[in-house]
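Visitor: First to last, the sequence lines map onto chains A and B.
To convert, note that position 65 of the first sequence is 65 in the working numbering; the numbers rise steadily by one, no gaps.
To convert, note that position 1 of the second sequence is 1 in the working numbering; the numbers rise steadily by one, no gaps.
Be aware that a few hints might be false.
Facing chain A, a subset of chain B residues (Cβ under 8 Å, in silico) [said to hold, decoys possible]:
no., residue
1, D159
2, K175
3, T219
Have a look at the derived ranges for each label pair, beta carbon to beta carbon [unchecked claim]:
no., chain 1, residue 1, chain 2, residue 2, range
4, B, S196, A, A158, 54 to 64 Å
5, B, T76, A, A158, 48 to 58 Å
6, A, A114, B, P193, 25 to 35 Å
7, A, A158, B, A37, 24 to 34 Å
Quick look at which bits of chain B chain A covers, simulated, 3 or more residues with Cβ under 8 Å [as the list claims (entries may be wrong)]:
no., region
8, 25 to 33
9, 176 to 189
10, 238 to 246
Honestly, the hints are just simulated from the structure, not real lab data.
In this text, a Cβ means the ideal position worked out from N, Cα and C, and glycines have one as well.
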Amino acid sequence: MTPEALMGGFTAPPQHSSRAFRAALTALSRPGTIVTVEGGHGPAPLSPAAAILALTLLDGTTPVHLAGGHDAPALRDWLAFHTGAPVVGAEGAAFAIGTWAALQPIPRFAIGTAEYPDRAATLIIEMPALTATGPRLSGPGIDGTAQLSLPEAAAFRANRALFPLGFDCFLTCGSHLAGLPRSTIVEDI
Amino acid sequence: MTDQAYNFAYLDEQTKRMIRRAILKGVAVPGYQVPFASREMPMPYGWGTGGVQVTAACLTPEDTLKVIDQGADDTTNAVSIRKFFQRTAQVATTEATSEATVIQTRHRIPEAPLTKDQILVYQVPIPEPLRFLEPRETETRKMHSLEEYGLMHVKLYEDIARHGAIATSYAYPVKVEGRYVMDPSPIPKFDNPKLSNSPALQLFGAGREQRIYALPPFTHVVSLDFDDHPFEPSKAPHDCDLCGAGESYLDEVITDDQGGRMFVCSDTDFCRTRREEGHVGRLGEPQFSSKKIANSFEGICAPEEAAE
Ligand SMILES: [Zn+2]
């Protein structure tokens, strides 16, 4: 284990994780809203926002999939030390972290079952940029419409068609994050 | 770290993570009941342990918490929960709906419109709206998955056949975004319209039954009804005897043993605020505006200030 693996955890876990959760809750319950989080970081290529989501939501009960460049020894060590989350293949993952390209093909991820739609994966998508532009969002959490710089619209439209099944997403960039639950209707503009 | 015997907001971090994950899945599937592993809390189940756990998972040190029980801030239940979080999370508390960032409630939605900066946490005794039709969890889960809600409509229609109207006046079932039928907890059906399209996030916690569900802001919520018997939110046909409000939900209060009675707002903060603004009901007395004075001392408006 590298010394880097020990760095970047919350210095005051209860307080830091409470603020980070509230930011994540705001993001997921108000799709299109971009929030800022702080208090933690992990090894590259993990963004601070993705690191903070991991510190807040992951533990030994949440199998995580690391896609593409995120499946790096330093990041595995960091996750193991700070969260204890087992690293698994895409099919068995409760959480997945990676760029949109690396997470493909998306249909590998759990979408829940008819009786337990909550048993679905949460994708943490690392983005090169995150702005309130691009595809139009509507649905629960949105007063009218919003816009978010999603990597594409088609995959999220297909996911919405599965409702109440489907995966849920956080989009992360630097210290910023946004949420996209399966309930959001996504349209190209 | 401090040397206190309990963690921030009482629950340990592992438990809060589990509850937080359940809350996020609840938000992603509005109206669907997410199972969670409810923890023992230092209070009996009837005291809203589900709501307390959801509140504990949501609170940050910067929050201002309000706790109401049937609309009142000063019942034993509300005071106990407020003190519990004052002590375990060191959060600020308030009785003013407009000042709160998190509001835990039992059986009411505040009269004052909620804002996008607020979370309303409901204490839920029985989260399953189909439970009285079908006691088996495996069956109700199947019914929800297949959107098999016909029996629910039959039950409501039997009410109409028997009483000429739908007799259910509390925990009146709703349909969320055209998909899940949901129990809004035992709020009066008068409050049901406020569930829909609220700017606030609404979270529901059932401790004994171990379920969490959610209504994100601006979610479409419809009370079940029929074309020939549309849903009607109802209240006592009176104005508040203290503040004169004609649009608030009222409690009937027996005032003496001669059969005297009065109707007062169930939402005590709403009633006090109106009286401080100079509104006077049939039996009320004019109030001096103590609120502005209290605010200048950045204190919480104490109930005594508005007392008779
Ligand atoms: Zn009143």
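Visitor: Now, for every hint given, state plainly whether the structure supports it.
Guide: Against the structure, the hints:
1. Using the Cβ-Cβ criterion of 8 Å, the hint placing B/D159 at the interface with chain A is not satisfied: the shortest such distance is roughly 29 Å.
2. Interface hint at B/K175: violated, since its Cβ lies 13 Å from the closest Cβ of chain A, which is beyond the 8 Å cut-off.
3. Because the smallest distance between the Cβ of B/T219 and any Cβ of chain A comes to about 4 Å, under 8 Å, the interface hint for this residue holds.
4. Taking 54 to 64 Å as the suggested C-beta distance range, the pair B/S196 and A/A158 does not conform, at roughly 28 Å.
5. Here the CB-CB span from B/T76 to A/A158 is close to 52 Å, well matched to the stated 48 to 58 Å.
6. Taking 25 to 35 Å as the suggested C-beta distance range, the pair A/A114 and B/P193 conforms, at roughly 31 Å.
7. Judged by the Cβ atoms, the range 24 to 34 Å given for A/A158 and B/A37 holds: they are separated by roughly 33 Å.
8. Look at the region 25 to 33 of chain B against chain A: 7 of its residues bring a Cβ nearer than 8 Å to a Cβ of that chain, three or more, so the hint holds.
9. Counting residues of the region 176 to 189 of chain B whose C-beta sits closer than 8 Å to any C-beta of chain A gives 3, which meets the bar of three, so the coverage hint holds.
10. Interface restraint, the region 238 to 246 of chain B with chain A: violated (0 residues with C-beta to C-beta distance below 8 Å; minimum three).
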